[in-house]
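This is what each chain is made of:
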Amino acid sequence: EAGVVQSPRYKIIEKKQPVAFWCNPISGHNTLYWYRQNLGQGPELLIRYENEEAVDDSQLPKDRFSAERLKGVDSTLKIQPAELGDSAVYLCASSLDSEAFFGQGTRLTVV
Amino acid sequence: KNEVEQSPQNLTAQEGEFITINCSYSVGISALHWLQQHPGGGIVSLFMLSSGKKKHGRLIATINIQEKHSSLHITASHPRDSAVYICAVSNTGNQFYFGTGTSLTVIP
Numbered sequence: 001e002a003g004v005v006q007s008p009r010y011k012i013i014e015k016k017q018p019v020a021f022w023c024n025p026i027s028g029h030n031t032l033y034w035y036r037q038n039l040g041q042g043p044e045l046l047i048r049y050e051n052e053e054a055v056d057d058s059q060l061p062k063d064r065f066s067a068e069r070l071k072g073v074d075s076t077l078k079i080q081p082a083e084l085g086d087s088a089v090y091l092c093a094s095s096l097d098s099e100a101f102f103g104q105g106t107r108l109t110v111v
Numbered sequence: 112k113n114e115v116e117q118s119p120q121n122l123t124a125q126e127g128e129f130i131t132i133n134c135s136y137s138v139g140i141s142a143l144h145w146l147q148q149h150p151g152g153g154i155v156s157l158f159m160l161s162s163g164k165k166k167h168g169r170l171i172a173t174i175n176i177q178e179k180h181s182s183l184h185i186t187a188s189h190p191r192d193s194a195v196y197i198c199a200v201s202n203t204g205n206q207f208y209f210g211t212g213t214s215l216t217v218i219p
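Chains as they are written, first to last, in my numbering: chain A, 1 to 111; chain B, 112 to 219.
Just chain A, with the same shape it has in the complex (with noise of 0.2 Å):
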């Protein structure tokens, strides 16, 4: 079975325009989260979901950024206008049983 998926895996764009990013999780896990890593340092949580339910996003930047899971199964989380400091690393995992599967993360530049 395929494991948690993100798309796409590098992203580079320019500072003030938008970006989408994709999470499709396993099958059959209920919650889903959204972590931002920068270089040298631990995932940092920006929302969880559980089923279609944001039940944590209070570290989410909401003036820029938003997040969706229609359905309860995949994601997106969307940065609108993107800024230099939001270059980094942003994982997709899901979980079932306490146990976390991470996506291979898309690594985000702005310039």
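Beyond 12 Å from chain B on every Cβ pair, some chain A residues (computed):
1) Lys15
2) Ser66
3) Glu68
Simulated restraints, written as ranges between beta carbons of each label pair:
4) A:Gln17 - B:Asn202: 34 to 40 Å
5) A:Val55 - B:Ser161: 18 to 24 Å
6) A:Arg64 - B:Ile171: 42 to 48 Å
7) B:Asn113 - A:Ser27: 31 to 37 Å
8) A:Leu84 - B:Ser161: 39 to 45 Å
9) B:Asn113 - A:Pro61: 17 to 23 Å
10) B:Lys166 - A:Lys62: 40 to 46 Å
11) A:Gly3 - B:Leu160: 19 to 25 Å
12) A:Asn38 - B:Ser182: 22 to 28 Å
13) A:Gly28 - B:Gly139: 25 to 31 Å
14) A:Leu96 - B:Asn121: 32 to 38 Å
15) B:Arg169 - A:Gln59: 35 to 41 Å
16) A:Lys62 - B:Ser141: 27 to 33 Å
Partial list, computed: chain B residues near chain A (C-beta under 10 Å):
17) Val115
18) Gly151
19) Val155
20) Ala199
21) Ser201
22) Asn205
23) Gly210
None of these hints come from the bench; they were simulated from the model.
Backbone N, C-alpha and C define an ideal beta-carbon position, used for all residues, glycine too.
Once you've looked at the hints, dock chain B against the given chain A.
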């Protein structure tokens, strides 16, 4: 203060050496996870444990619940073990807390 602290932050070893990475946590947990991240790659789960010890190949993970401490050991280290190793804990509310990672370099 971070909920999860790892040490060392960086580690360089000669091929064949025995390696230990330590992790301490300060929150209640349902499980502790050891994760591996290669440069440019995603994160792979190595172990999930809530008590005792687990072994997979040359990797061993232990946890002491009373002391809120875990260790990841690598025996007979190899250059392909070079990666960032991240300790994370999870609770019954599906929340995860991550350490900042230990960057391991194994020199041939």
